[in-house]
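Work the whole structure out from these sequences, hints included.
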Amino acid sequence: MNLKPETLSRIDEVITHYPEQRSATLPLLHLIQEDIGHIPDEAIPWIATKLGLQPINVYEVITFYPMFRRKPIGRRHIKVCRTLSCALLGGYKTCAAFEQEFNTHLGEVSPDGEVTVDFVECLASCGTAPVVLIDDDLHEKVDAAKAKQLSDQIKAEAAQRR
Amino acid sequence: MPAPAQTRIIFQHIDEPGYTNDLACYVRHGGYEVLKKAVTRKPEELIDEVKKSGLRGRGGAGFPCGVKWGLVDRKSGKPIYLIVNADESEPGTFKDRYIIHQDPHQLIEGTMISCFANNVKQAYIYIRGEFPHGAKILEKAIAEARAANLVGPNILGTTYSCEIYVHRGAGAYICGEETGLIESLEGKRANPRIKPPYFPAVLGLYQCPTIVNNVETLCHVKYIAQHGGEAFAKIGTPGNTGTRVFCVSGHVQRPGYYEFPAGTITLGQLLNEVCGGPLPGRKLKAVIPGGSSAKILRFGERFKGKRKVGAEMVDYDWGVEDVPMDFDSLGMIGTMGGSGGVIVMDDSVNMVEALANINAFYSHESCGQCTPCREGSLWMKKITTRMVHGEARHEDAALLKSVADQIPGRTICAFGEACSWPTQSFIAKFGDEFKQYPETKKTAKPAGAAALI
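Line by line, the protein sequences give chains A and W.
Residue 65 in the numbering used here sits at position 65 of the first sequence; the count goes up by one each step and never skips.
Residue 277 in the numbering used here sits at position 277 of the second sequence; the count goes up by one each step and never skips.
Hints are not guaranteed to be accurate.
Taking beta-carbon pairs under 7 Å as the criterion, some of the chain W residues facing chain A (in silico) [what the hints assert, rightly or not]:
| hint | residue |
| --- | --- |
| 1 | Gly129 |
| 2 | Ala172 |
| 3 | Gly187 |
| 4 | Phe199 |
| 5 | Val202 |
| 6 | Arg254 |
| 7 | Gly256 |
| 8 | Asn357 |
| 9 | Phe361 |
| 10 | His364 |
List of simulated lysine-lysine pairs, DSS-like, C-alpha gap at most 27 Å [stated by the list, open to error]:
| hint | chain 1 | residue 1 | chain 2 | residue 2 |
| --- | --- | --- | --- | --- |
| 11 | W | Lys140 | A | Lys4 |
| 12 | A | Lys50 | A | Lys93 |
| 13 | W | Lys188 | A | Lys71 |
| 14 | A | Lys71 | A | Lys4 |
| 15 | W | Lys52 | W | Lys295 |
| 16 | A | Lys141 | W | Lys136 |
| 17 | W | Lys295 | W | Lys401 |
| 18 | W | Lys283 | A | Lys141 |
| 19 | W | Lys42 | W | Lys234 |
| 20 | A | Lys141 | W | Lys445 |
| 21 | A | Lys93 | W | Lys442 |
| 22 | W | Lys382 | A | Lys93 |
| 23 | W | Lys136 | A | Lys71 |
| 24 | W | Lys445 | A | Lys148 |
| 25 | W | Lys445 | W | Lys429 |
| 26 | A | Lys50 | W | Lys188 |
| 27 | W | Lys234 | W | Lys52 |
| 28 | A | Lys93 | W | Lys445 |
| 29 | A | Lys93 | W | Lys441 |
| 30 | W | Lys401 | A | Lys50 |
| 31 | W | Lys136 | A | Lys4 |
| 32 | W | Lys121 | W | Lys234 |
| 33 | W | Lys283 | W | Lys442 |
| 34 | A | Lys146 | W | Lys445 |
| 35 | W | Lys308 | A | Lys93 |
| 36 | W | Lys295 | A | Lys4 |
| 37 | W | Lys136 | W | Lys121 |
Calculated from the structure, these hints are not laboratory results.
The structure displayed is predicted, hence computed values, not measured ones.
Glycine is no exception: its CB is placed at the ideal position from the N, C-alpha and C atoms.
Have a look at this one:
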């Protein structure tokens, strides 16, 4: 597994936060996912060895928590909140707008490789519904028009890179 | 009667222009003065203040904080851990988000005071995975506090040492349940633990005594250490002391967060005056008063009975609008104050579709270890989704109820109750709407009605 030196040093540091190494399972998964973009197969025995666990101990954690993914996703991750408060104010329309803008379906990498759109459960910003998390940034009151605007921004950034 | 004025204790600086989340700004506003005084007092005194304050946990259950602290096993010789529950996962709740992002040092000060009072040497802030910025802000704030000798070894020149680390979750609702959270912090699936006999106060993290408190609760502790338990108990009403932060979302003109002395505002005042009432041309139809697991209330229904006011029993006859927003009053009318998340629905909403949305949430979030919950939440989702997107049958309401009725009381944790209460209460309050749904489906939806599933 090819991890950045910075990731490796953060991994060694975070393990010291806990009296029992197993506690570092989630932090390690986060760090690896942030570095590589997903959790590759070889990460499972790697973490297990690092923390003195069996691979199943790591595997069962990955499959339990929705944020960990086993496959690469698009360059940007668009997570639209699906839960009630957001849905009441048009969350389903917002999600459909993103899918349409990037010609993609939920959970898939868009044909241009730019995004993966997901419908996720409550993001805890119900007062500014509908909300969308794009990578680490929360966007509030995202109706279909604002979804188009955010999509245009992502597309413009992509065009600039090319 | 007009709504009372907001009393912002916890949210005093939230959205204040010029207020930033760094240590310097917090100190300029008197920050960490309370901790400085607290470490000169006896820890037992601080615990007594919290007991006197009557503070009830703000995470959902409303369990008295002082009692929780009183249950901690202090004789085992094992280290005592404190975990800040910053999982904020109950749909409709978004108060802790603002504390963490805008006023993190208030939480850290409250945490350090609570740690000192309970002789805790190691605290963890378990923050939900969906707050990546929040986690970074807290880490930075802890580093600042550590550099200023407010967190870490020998704080403020005393012999007392305590570390705080931030631990990120990864998108599982059940991590808000305290024993699920502990399992998660131990690096496992967040399957809640069987209790009784052992509660976290005796056997928690790493089988050591553990206190799990909500973010807002710990901020209240700071206020209590500053002003005393008696002063805190004077705010609000007996049994519901201090302030309460309400998070209002859904179909009102001004959704958001509002802080009031507990028990002093009614649901009607909150929704109609504070939040500006329904959207133009709409009428309020239903409200979930304490996070999505709380039982729904139907505008137009009435609640009658006797309640204790002071030493006397008096009759009450309330409409939904008249209900005081406190743990006890909401409990009396068959729902709960929970986490303070108030979700409002107007007459554009079809209740079958709203329930289908909630059922999809609980089905997704069941941890899966107890069969009644894992299977029941899935079937409730399947039935309500089929009603909306496939064939709806007149007997579906009875079927849903039969599934929901077999879950609560038969599971390890309260998720069993949380996932069945919506179905039970929606059918109890809006049974006709479920029975009529096969016909309703054939007619046009009200203009502006949003897809919910």
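Going down the list of hints, with the structure as the test:
For the restraint placing Gly129/W at the interface with chain A, the shortest Cβ-Cβ distance is roughly 5 Å, inside the 7 Å limit, so the hint holds. Of the supplied interface hints, the one on Ala172/W holds, with its beta-carbon coming within about 5 Å of a beta-carbon of chain A, less than 7 Å. Annotation: Gly187/W was flagged as interfacial toward chain A, and the flag holds, the nearest CB pair being 4 Å apart, inside 7 Å. Annotation: Phe199/W was flagged as interfacial toward chain A, and the flag is violated, the nearest CB pair being 20 Å apart, outside 7 Å.
Because the closest C-beta pair between Val202/W and chain A is about 18 Å apart, greater than 7 Å, the hint is violated. This hint is violated: Arg254/W has a C-beta 9 Å from the nearest C-beta of chain A, more than the 7 Å allowed. With a least beta-carbon distance of about 5 Å to chain A, the hint placing Gly256/W at the interface is held under the 7 Å criterion. Look at Asn357/W: its Cβ gets to within about 5 Å of chain A, closer than 7 Å, so that hint holds up.
For Phe361/W, the shortest C-beta to C-beta distance to chain A is roughly 5 Å, which falls under 7 Å, so the interface hint holds. Contact between His364/W and chain A, as hinted, is supported at the beta carbon level, the nearest pair being about 6 Å apart and thus within 7 Å. Between Lys140/W and Lys4/A the alpha-carbon distance is near 22 Å, which keeps this suggested pair within the 27 Å criterion. The straight-line distance between the Cα atoms of Lys50/A and Lys93/A is roughly 44 Å, outside the 27 Å bound, and the hint therefore fails.
Between Lys188/W and Lys71/A the CA atoms are separated by roughly 22 Å; this keeps the pair inside 27 Å, and the hint holds. Distance check on the hinted pair: Lys71/A and Lys4/A sit about 19 Å apart at the alpha-carbon level, within 27 Å; holds. As the CA atoms of Lys52/W and Lys295/W are separated by approximately 31 Å, the hinted pair breaks the 27 Å bound. With a CA separation close to 24 Å, the supplied pair Lys141/A and Lys136/W stays within the 27 Å bound.
For the hint linking Lys295/W to Lys401/W, the alpha-carbon distance of about 14 Å falls within 27 Å, and the restraint holds. With a CA separation close to 22 Å, the supplied pair Lys283/W and Lys141/A stays within the 27 Å bound. Note on Lys42/W and Lys234/W: the hinted pairing holds, with a Cα-Cα distance of about 24 Å set against a maximum of 27 Å. A C-alpha spacing of about 23 Å is found between Lys141/A and Lys445/W, which places the hinted pair at or below 27 Å, so the restraint holds.
Note on Lys93/A and Lys442/W: the hinted pairing holds, with a Cα-Cα distance of about 22 Å set against a maximum of 27 Å. Taking the CA atoms of Lys382/W and Lys93/A, the gap is near 22 Å; set against the 27 Å cutoff, the hint holds. With a C-alpha separation of about 26 Å, the suggested pair Lys136/W and Lys71/A falls inside the 27 Å cut-off, and the hint holds. Restraint check for Lys445/W and Lys148/A: the C-alpha separation of about 26 Å stays at or below 27 Å, so the hint holds.
Restraint check: the Cα-Cα separation between Lys445/W and Lys429/W comes to about 21 Å, which is no more than 27 Å; the hinted pair holds. Simply put, Lys50/A and Lys188/W have alpha-carbon atoms about 16 Å apart, close enough for the 27 Å limit, and the pair holds. About 11 Å separates the Cα atoms of Lys234/W and Lys52/W, which keeps this hinted pair within 27 Å; it holds. Pair hint Lys93/A plus Lys445/W holds up; C-alpha atoms about 16 Å apart against a cutoff of 27 Å.
A distance of roughly 20 Å separates the Cα atoms of Lys93/A and Lys441/W; the hinted pair therefore holds under the 27 Å criterion. Distance check on the hinted pair: Lys401/W and Lys50/A sit about 49 Å apart at the alpha-carbon level, beyond 27 Å; violated. Distance hint between Lys136/W and Lys4/A is fulfilled; the C-alpha atoms sit about 20 Å from each other, no more than 27 Å. For a cut-off of 27 Å, the pair hint linking Lys121/W to Lys234/W is broken: about 32 Å separates their Cα positions.
Proposed proximity of Lys283/W and Lys442/W is supported: the alpha carbons are some 23 Å apart, at most 27 Å. Distance restraint check for Lys146/A and Lys445/W: the Cα-Cα separation of roughly 25 Å lies within the 27 Å cut-off, and the hinted pair is therefore satisfied. With a C-alpha separation of about 47 Å, the suggested pairing of Lys308/W with Lys93/A is violated against the 27 Å cut-off. About 49 Å separates the Cα atoms of Lys295/W and Lys4/A, which puts this hinted pair outside 27 Å; it is violated.
Restraint check for Lys136/W and Lys121/W: the C-alpha separation of about 22 Å stays at or below 27 Å, so the hint holds.
Hints 4, 5, 6, 12, 15, 30, 32, 35, 36 from the list above are not met by this structure, while the remaining hints are.
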